[in-house]
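The primary structure of each chain is shown beneath.
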Amino acid sequence: MKNTIKVQRAIKNLTQEELGNRIGVSRQTINSIENNRYTPSTVLALKIANVFDTSVNEIFELEEGD
Amino acid sequence: MATKQNELRLLPFAFKKIAIGAILLIGLFLLLALSNILPVNKDVAKTIFKIGVPLALLVLTLTRNKVEDELTLHIRVKAFAYTFVFGVIFVTLRTIADTLFPDDSITKMGLTDFLVLMFVDYFINFYYMLRRR
Numbered sequence: 002m003k004n005t006i007k008v009q010r011a012i013k014n015l016t017q018e019e020l021g022n023r024i025g026v027s028r029q030t031i032n033s034i035e036n037n038r039y040t041p042s043t044v045l046a047l048k049i050a051n052v053f054d055t056s057v058n059e060i061f062e063l064e065e066g067d
Numbered sequence: 056m057a058t059k060q061n062e063l064r065l066l067p068f069a070f071k072k073i074a075i076g077a078i079l080l081i082g083l084f085l086l087l088a089l090s091n092i093l094p095v096n097k098d099v100a101k102t103i104f105k106i107g108v109p110l111a112l113l114v115l116t117l118t119r120n121k122v123e124d125e126l127t128l129h130i131r132v133k134a135f136a137y138t139f140v141f142g143v144i145f146v147t148l149r150t151i152a153d154t155l156f157p158d159d160s161i162t163k164m165g166l167t168d169f170l171v172l173m174f175v176d177y178f179i180n181f182y183y184m185l186r187r188r
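Order-wise, the sequence lines are chains A and B. Going by our numbering, the first sequence opens with residue 2, and the numbers climb by one from there. Going by our numbering, the second sequence opens with residue 56, and the numbers climb by one from there.
Please note that a few of the clues may not be correct.
[Said to hold, decoys possible] Lysine-lysine pairs mimicking DSBU-like chemistry, simulated, CA-CA at most 30 Å apart:
{"no.": "1", "chain 1": "B", "residue 1": "K121", "chain 2": "A", "residue 2": "K13"}
{"no.": "2", "chain 1": "B", "residue 1": "K133", "chain 2": "A", "residue 2": "K3"}
{"no.": "3", "chain 1": "A", "residue 1": "K7", "chain 2": "B", "residue 2": "K121"}
[Stated by the list, open to error] Examples of chain A residues toward chain B, derived with CB under 10 Å:
{"no.": "4", "residue": "I24"}
{"no.": "5", "residue": "V26"}
{"no.": "6", "residue": "S27"}
{"no.": "7", "residue": "Q29"}
{"no.": "8", "residue": "S42"}
{"no.": "9", "residue": "V44"}
[Claimed, not checked] Every beta carbon over 12 Å from chain B, so not counted as near; a handful from chain A, in silico:
{"no.": "10", "residue": "V8"}
{"no.": "11", "residue": "K13"}
{"no.": "12", "residue": "N14"}
{"no.": "13", "residue": "N58"}
{"no.": "14", "residue": "E62"}
Honestly, the hints are just simulated from the structure, not real lab data. Everything numeric in this text was worked out from a predicted model, so none of it was measured. C-beta: ideal position from N, C-alpha, C; glycine also.
Please model the complete structure; the sequences and the hints are all you need to start from.
Take a look at the structure:
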């Protein structure tokens with residue numbers, strides 16, 4: 002599953018640490034999600050989408066084989 | 056949305072220090088007892104060590120990290136699973152070794168030693184995966 006968190010962060014001028022603090026997870030967790038090493042739960046995906054004022058579909062997208 | 060399904064009931068972070076302190080104290084107590092500095096029965100000291108260390112390690116295992124999020128929980132559960140597999144393989148191999156070499160002292164491992172080995176394996180798995188996340 003690919004995501005656009007890095008781009009969204011750049012638009013909002015947020016660091017991984019700041020995004021993590023806003024949704025209650027560590028910087029490492031944000032890094033793992035960004036690099037597709039970890040797929041977040043629905044709740045966390047919704048929280049991320051809330052921070053960027055957008056929908057989950059705008060941030061996460063299924064890839065071939067998912 | 057008050058979803059609680061991704062939570063594991065763990066002890067507060069402060070218990071980490073208590074558990075580590077207990078292990079150090081029990082170790083020191085055993086050391087002093089074995090070297091006759093403390094006038095304590097050595098068998099009693101060994102028994103306290105055998106009961107105290109696994110219990111302290113259990114508390115350490117069930118204590119939350121400073122930052123405990125869903126990825127930490129995911130890693131924790133994975134580490135538990137790997138340790139379980141390790142335990143089964145270890146017991147299987149040990150049983151075979153006991154059968155093949157019945158008089159070999161290397162295969163004579165007590166329950167406490169086995170428990171401590173399981174905890175050590177868990178901590179290696181957990182902290183290795185935590186560093187690589």
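Okay, the hints, checked on the actual structure:
1. B:K121 to A:K13: It holds: about 27 Å lies between the C-alpha atoms, which stays within 30 Å.
2. B:K133 to A:K3: Holds - the C-alpha atoms of K3 (chain A) and K133 (chain B) are around 23 Å apart, at most 30 Å.
3. A:K7 to B:K121: holds (25 Å)
4. I24: holds (9 Å)
5. V26: For V26 (chain A), the interface hint holds, since the closest Cβ of chain B sits about 4 Å away, which is under 10 Å.
6. S27: With Cβ-Cβ at 4 Å, under 10 Å, it holds.
7. Q29: Holds: closest Cβ of chain B sits about 5 Å from Q29 (chain A), inside 10 Å.
8. S42: holds (6 Å)
9. V44: holds (5 Å)
10. V8: holds (21 Å)
11. K13: holds (21 Å)
12. N14: holds (23 Å)
13. N58: Check passes; 18 Å lies beyond 12 Å.
14. E62: holds (21 Å)
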